[in-house]
Every structure is written in C-alpha cells, then in structure tokens.
Amino acid sequence: MDLWNHLAIGFSVALQPTNLFYCFVGVFIGTLIGVLPGIGPVGAMALLLPTTFKSTPEASIIMLAGIYYGAMYGGSTTSILVNIPGEAASVVTCLDGYQMARQGRAGPALGIAAFGSFIAGTLSILGLMLLAPPLANFALKFGPPEYFSLMVMGLTVLIYLAHGSMPKALLMAAFGVILGLIGLDSINARPRFTFDRMELVDGVGLVPIVMGLFGISEVLLNIEQAIGRKVFETRIKGLLPTIKDWLDSKGAMARGSLLGFFLGILPGGGAVISSFLSYAIEKRLSKHPEKFGKGVIEGVAGPEAANNAATGGAFIPLMTLGIPPNVVMAMLLGAFMIHGVQPGPLMMKQNPGLFWGVIVSMYIGNIMLLILNLPLIGMWVQVLKVPYRFLFPLILLFCLIGAYTVSYAIFDIYIMILFGIIGYLMKKFDYEGAPLVLAFVLGPLLENNLRKSLIMSQGDFSIFFTRPLSAISLSVALFLFISPFIPRMGKKRREIPKEEKA
Amino acid sequence: MNQKDFFSSLFWMMVGAGVCWGGYKLDLGTLHDPGSGFMFFWIGLIMIGLSLSISFRSLRERIEGGEIGKLWSGTGWKKAIYVLLALVFYAYAFQILGFIVTTALLLIFLFKVVEPQRWIIAIAGAVLSTLITYGVFQGWLGSQLPKGVLGIG
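Protein chains in written order, with the working numbering: chain L, 399 to 900; chain E, 2 to 154.
By construction, these hints were calculated from the structure, which means they are not laboratory data. Certain hints may be false.
Said to hold, decoys possible - Once the Cα atoms are required to be at most 27 Å apart in a straight line, the calculated DSS-like pairs of lysine-lysine come out as:
hint, chain 1, residue 1, chain 2, residue 2
1, L, K825, E, K5
2, E, K5, L, K783
3, L, K825, E, K79
Said to hold, decoys possible - Examples of chain L residues lying across from chain E (beta carbon under 8 Å, computed):
hint, residue
4, D400
5, T449
6, A572
7, L795
8, L872
Nothing here was measured: the structure is a model prediction, and the numbers come from that model. Virtual Cβ for every residue (Gly too), placed ideally from N, Cα, C.
Could you build all of it, start to finish, from the sequences and the hints given here?
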C-alpha cells in the first residue's frame, strides 16, 4: 500500500510542467552528449549544475539524472553507426552493432538498443523502488564507524576496478581526499591549506575540478590528434525489431537488466563493467558463440540493457546511504548538497517529494528517450556529422561559463584551467581521474566519520573491527588491496574493462 | 627505466611530503581527539609510500613508450598550448572586457588559429555562438555575466 502512496507522491511531483520540462531537457542533453565525443555525462552535469540554482531541488536533480541515463541511450547510436562509442559504457555495443549496420541492419540494431535500454531502465527503477525503502531503514542504524568503513570499501572497489596500476589509482584517491579537505575544518573551523586565499576558505569547488579534469583535458588531448569519424552511409530503415529479433534478444535483455542493476549498486561497479560482463555472458550462453562480433542482435541487446539498468542501481547507495558509488553519483551528491538536501536514510522521510519524484521522473524520462531515440534517429545522425573543429570551441566555452557561474568567481576559472592541465598530464602519464573525484567528494565525510569514531572509542581503532558491518566492509577492502598480489586474482583484475570515462 | 612513472612518482612524492609537513604544522591532535592536520599528515605519508613503490617499480620496468619525449612526438601539442594560453587570457580579460567581447575574441581565435576556418565562418560562428550563449545564460537563466569597461551586454 505504501508503494502506491509513494508512487502517487512521485507522480504528483514528476508530472508538474516545470519538472516535465527539466526531465526533457535532461534526457535530450544526455542523448546529445552521448552522441557527441569529447564530453561525457559528468562534464555535462557539471556544466549544467549552475543553471539549476534558480530552480527547485526536484527539477535540478530530475534534469541531472536525465543526463546520466540519457547518455547511455545516446552512446549506443555512435557505436552502431560510426563504430566509435559516445561514452565508455557503449564500447562493447560497437562489436555487433556496427557489424549489423554494415549488413544493412542498422535499424533493428538501433531499435533493439533503444527498446532494450527502455525495458532495462524501467526494470531497474522498479528495483530501486523496492530496495531503497528497506535499505534506508536499515541504514538508520549506521554510526560513524560503519559510514567510514563503507566509504573506504567504496573507494577501494573503485581503485581495484581502475584501469592500470593500483598504486597510481590509490595515489589519485589520496590526492582527491586532500583536495576535498581544503578549507575550514568541519569540527573546529580552522582554515587548512587555504594559503591565505579567501576563495579557498569554503574549499575547492567540485564543478571547476570536474570541468578541468574531464572537459578541458579531453579537449586538449583531442585537438592534439585529429579525430576522424565516418558515419556509416546507409538509409536507416526498419527500426522496429522483428519477432525473431525479439525472441533472440529477450533472454539477453533480462539477464543484462539483472546484472546491470546489481552491479550498479556496488561501489565502483557500473555501466561499463556490466555491459562488458553481459556481453561475455551472452557469448558463453549462446548456441552460436562464433557469430558474436559478426553482427548478432544479442550482442547489442544484452550490453545495452545492462548499462541502462546500472544507472538505476547506482542511485540506491546514494539515495539511501548518502554514499555515491561512482563519479557520476558523486556529481549528483554535489548537486544535492548545493540545494541543501542531504541524501541518506532520512531523505525518504524528510523529502518524500524529491525522493519519489526523481524515481518516477525516470520512468517518464525513459519514455521520452524512446521517442527521442527512435523516430528522431535521423536528427542524431546529423548531429554525428558535426566536425570536431566546430565542437571543441563550444565545449570550452560551456566549461568556462559553467565554472564561472557556480560562484561568479574568476578564481574558479583559473582552478578549472589548472585541473585541465593536471587532467591532461594525468592522461599522458596514465593516472585516472575517477578515483580522484570520488575521493574528493567523500574526503570530508571520510574524515568527519573517522574523527567521530575515534572520539567515540577514545582513540581505540578496534571500533572498526568490533562492529559487524564495519568489520565486513574493511575486510572486503583489505582483501581487494592484497588481491593483486595473489597471481590468479591479479590476472582477473587486468581483464576488467576500463571503468567510467566521465 | 619507465621514465613516465619515475618522474611522475617523484612529483607526487613532493606533493605528499608537502601535505605531510602541512598536516604536521596544523596540529595532529591525539588518537582520542584527532586534530585538523591528522588526516593530512597520514594521507601525505601514504602518498609518499605509494610514490616510492611506483618509482622503485619504474626503475626495473622496460616498456615500450615509457620515455617522456615520446608522449608528445607526432602530436599537435602546440595547439594544446595555444588553447591554454587563450583560456588564461579569457580568465584575465573576462571582467575587464566583459562577457560578450572576451567570448567573441576567444571563439574567433579558436575557430581561426587552432583549427583554421575561413574568416567569414570564424567570425560568424563566434558572434552567433556568443550571442546565443549570452541570451541563454543572461537572458533566460538569469546569470550575472560581466559587462566590462565597455559596458556591452
């Protein structure tokens, strides 16, 4: 019964004209950045965050969430038509999607990607609705030690899943925590690492850092080497999959949805890993694995369902525990806080309209995406043809305006440029930005909960090991730290695909 | 030797040492009541340890493309420098010249110098993009963009 009441609250919020408009803007921009190279969902969210300051928290979060799941839809279009993924979660869609396009089946490939995304997105929202309330109730029992350990585990999983060297990823996470702690001490209001700059008293802004690391640095790298993209010249017809296509895809979609949803919940897990894993599972279960990579529809349906389902799953730890499981959710946490809302176990009770409104808006957003991505596919193909030499000045301009309008400070533009250079060098020297950003957001929470735990226990570290949930979280973290030294586990880690290119 | 990892780890080692020292100066507190510099100090130490491990490993590694010089060979790195200089100029001139003038100049430079277009395309594209973004951010979203000494906007 409660569920219906919650749904009624959600619909009453999500169906307000303003919120419908913001939802549409979000999914539209999401699809656009999914199609375009050079800017991902995190960059786009950072860019649009300042534009939401005048709107309600509901409208802002609805739009930002729309960008995230919209980007998953848009990314598949470039994978299928150009063989270049619009964002990292669509990499695997290239394998069979592009081959289908070459065989004249671009229509069914795009169709099944859109329907698969829709079905999986809807199923994951159902899962979110069912799982979030009991988890939020359970989380009410958590104290500072549990929160500290959960965050350590989340960061460790992200570091474990990072592409390449684990010490480098850990180093980036440590640097992120340091950046997050700059500003006033939350316990005694003492300024830390502010270098006598008033602009740093409130800390370094999330938006300039994200814009620099993921927007500016990407442009710098891209203009160094010419990006050549050739759109597959074919008339796209027959977007509605045939009955055979549906029969071939239904199992892949169901498995992809489940897999994506549960991997999305896990810290560090997400759309990229679930799409790769779904592809591997479908290939293993298939009666004709040799056809994978040559244009089978299951190879598109499974990963596309998985990466969309993961977006729904990722909302669970953020909205029930207040802990973002990946960089995109870290960005969303920043947005919640700017609007004075603290996500966590109490959010459902204190802000039911926001909580259920955002969830219900995702249903509506999925329907909008289906309409945007099927009948309007021709428009996205035209967008694909815009050359990068026209795009990059606009991306830079949006980054500049985005960084400035957060607090109307030129200082933030300089910070963004600085992190643009840092991000550019990080990519050159094989360091990843994702652990840095997640640690930056979690840093203050991590410190606060560590200090509170030590004050509670009078300096006794055993508090982290005598409380069951905390002990389990830290054990998982410890296991992941030592696992690269176990030969079999180390090999498995190297096989994991690259996570979240923001 | 993997130069990329060796020199980058030296950089991070220095950052770690700075953080460690800053944390120590801030006040470490006690385990019963950790002070403002507690986290900085320990994380700085962790950074030093990690940098050391990366640098030791890099000394033993021999990998293709590990030389720093190769990172920029065959790339149009000068374009990246031009863009960075243009961005710094933008930040410097933003409040003096105002949003419209600075943005139009930046876009003309990016359209014309970094990725050469015809003058007409560069100027028309820059002016149009500037006016549209100004309309959206200042007019529609109510952002306060600077007018500059010329008072344009």
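Query raised in the report: Looking back at the hints listed earlier, which ones does the structure fail to meet?
Result: Hints 2, 4, 8 not satisfied by this model.
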